[in-house]
Amino acid sequence: MAKSRALPVDGDQPDRWEAQLRKGALEMATLASLWQGRLYGLEIIRFLENHSRLVLAEGTIYPILNRLKTEGLLTSVWVEAEAGHPRKYYSLTDAGRQRLRVMAEAWDAFSRSLTHLLEPVLKPQETTK
Amino acid sequence: MTTEMQIDSYLTALRLHLGPLTIAEREEIVREISAHVRDSAEESGGSIEAILARLGPAEELAGQYRAGLLISRASRSFSPLVLLRATFRLATKGFFGVLVFFLGVFGYLMGGGMVLVALVKPIMPVNTGMWFENGRLVSSGILFPPPASPAQEVLGLWLIPLALVAGSLTLLFTTFAIRLSLRLSRQWQSRL
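Chains as they are written, first to last, in my numbering: chain A, 1 to 129; chain B, 1 to 192.
Think of the hints as simulated: they come from the structure by calculation, not from any bench.
Just so it is clear, CB atoms sit at the ideal spot from N, CA and C, and this is done for glycine as well.
Certain hints may be false.
Far from chain A, by Cβ distances over 12 angstroms, these chain B residues were calculated [claimed, not checked]: (1) P20; (2) L119; (3) P147; (4) Q152; (5) I160.
Straight-line Cα separation of at most 27 angstroms, DSS-like style, residue types lysine-lysine; simulated pairs [stated by the list, open to error]: (6) K69/A with K93/B; (7) K69/A with K23/A; (8) K123/A with K69/A; (9) K88/A with K69/A; (10) K93/B with K23/A.
Just chain B, with the same shape it has in the complex (with noise of 0.2 angstroms):
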C-alpha cells in the first residue's frame, strides 16, 4: 500500500464512522485530521503508520467526535428524539445516565399519554375520562368497555383542557430535566 492509500482508507473509515453528523461537520474533521496527518509527517519524517497509530483506529475517532457533539447538542435541543438519543448515550456510561434515561422514556409516556387522551376525548367521549366509584379512583384514560356503573365518569369535556396542561407540563418538566442532567453530566466529564 502507498502512503496515500494508507491516509486515504484511513480517512475513508473515519468519514464512515462519523456518519450522523452533518456533511459540512465531517468534511471539516476529515480536512482537519487530513492536515495533522501531513503536518506530522513533515515534522518528523516517521513513517505513515506510526502517524496514524498515534491518532488510534479511525473508528475510535470517530466515536469521540460523536459523543461529543451528540450530548452538547442535545442538551440545546427541545426535540425528544435528540435528547433520548442522547442519554441512551449516557446510560451506558453509569448509574446515573441509566436512571436518567429511564425517568426520561417514563416522563415521554406519561405526558404523550395525557395529550393522546385529551385529544381522543372529543372522538370517542364515553371511552375516554376519569371513573371514581364512592369517592375512589377506579380507572383513568381510554378504556374498551369504559367501567361499568356504579362507577362515574366525573371530569366530562373539563378532561380535555386538564388533560392538555397536565400533560404538556410532564413534557416540558421532562424535556428541561433531560437538559440539566445533560449539561451536568458534562461539567462533571469535564471538570474533576
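Just chain A, with the same shape it has in the complex (with noise of 0.2 angstroms):
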C-alpha cells in the first residue's frame, strides 16, 4: 500500500509523472465514493481499493478529506457505532456535487481525446509496418 511513497524525487521518471497522475485523480475519486451516500474514512479506502487502482499510502486521503471539507465541498458528522467508538461520516455538500460533476465532464473529455491520440502508440505493428 506505501509503495507510491517510495518512489524517488528527482527528475520526469515515469514511475514519478504516474503517481503524480494518481495523486491529481484521487480528490475527483475521493468526491466520486460519496456519490451513492456518507462513508467514513476506512470505507472510502476500501472503495477506492475495489473499484480504482489508485492504491494509495492509506493515511493521504485523510488530509484530502480534511482539505475537501474545508473547501466546503464535504461535510461530516460523527456518528456512534456499534463498533464501540464514533466514526467519521463525510458526505458531499450541493457544491461538492457540483463540482465533481463538472470534474467528471471534464476527465471525461480530456480522457477520450487523448485516448485517440494514444491509439496509434498502443498499436506500433500497425502503423510502423
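Hints are included, so try docking the two chains, each in its own frame, into the full complex.
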C-alpha cells in the first residue's frame, strides 16, 4: 500500500509521472466515492481499492478529506457506532456534487481525446509495418 | 511494547507534528486517525505495525494535513504573515512558488515602505519627500541628510496622501495577487 511513497523525488521518471497522475485523480475519486451516500474514512479507502487502481498509502486520504471539507465540498458528522467508538462520516455538499460533475465531464472529455491521440502509440505494429 | 502503547506513541507523534493547527483541528484529526486504527484492527485482525505502516509515518501524515490546511486557509486570509508563510511553502514546490514568494516579499516591502514614508513626513518633514533636479528625479523616501540644493523637494505635504494611496494600493494588489496564486496552485495540484 505504501508503495507510491517510496518513489524517487528527482527527475521526470515514468514512476513519478504516474504517481502524480494518480495523485491528481485521487481528489476526484474521493468525491466520487461519496456520490451514493455517506461513508467514513476506512470505507472510502476500501471503496477506492475495490473500484479503482489508485493504490495509495492509507494515510493520504485523510488530509485530502480534511481539505475538501475546508473547501466546503464535503460535510462530516460523528456517528456513534456499535463498534464502541464513533466514526466520522463524510458526505457531499451541493457544491461538492456540482464540482464533481464538472470534474467528471472534464475528465471524460480529456481522456477521450487522449485515448484517440494515443491509439497509434498503443498499436505500433499497424503503423510501423 | 503493547498494542495500546504503539497506538499512543503514533498519535502522540501525530499531535506533536500537527503543532501549527488549532487545538480543535488537531484533536479532531487525532480522533479520526485513532478510529481508523481501531477499525482497521477489527476488520483485518492484522498487526498494529502493519496498520500504522500503511498510514505512513506520523510526521509525514501531519505534514500533508498542514500543507493542505495552510494553503487553503491562506487563500482566504488577508494577513501578510499567513500569506507569506503559505507562499514560502509553495516556494519549496517549484519555480512558480519561488516567483510568487519573491514578488510577495517585494510587494509588501514596497507598499509598507510607502506607507512608512507617509507616516514619517509629519515628524521629519525636511528629511522626507521626493527630490527633483533639472526635471529629473534624484531621490525619494526618507533621507539623512536630505539631498542638498539645487535638488528641490517637490511634493511638500502632498506626499502624505499620495504615498498613503500608492502604498495601500500596492499592499492590496500584493495581497490579492498572492491569494489568486495560491488558489491557482491548488487547482493545478488537484485537477490534472
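Tested hints:
| no. | hint | result |
| --- | --- | --- |
| 1 | P20 | 14 angstroms, holds |
| 2 | L119 | 37 angstroms, holds |
| 3 | P147 | 52 angstroms, holds |
| 4 | Q152 | 55 angstroms, holds |
| 5 | I160 | 41 angstroms, holds |
| 6 | K69/A with K93/B | 23 angstroms, holds |
| 7 | K69/A with K23/A | 18 angstroms, holds |
| 8 | K123/A with K69/A | 43 angstroms, violated |
| 9 | K88/A with K69/A | 12 angstroms, holds |
| 10 | K93/B with K23/A | 15 angstroms, holds |
Of the numbered hints listed earlier, the single one contradicted by the structure is hint 8.
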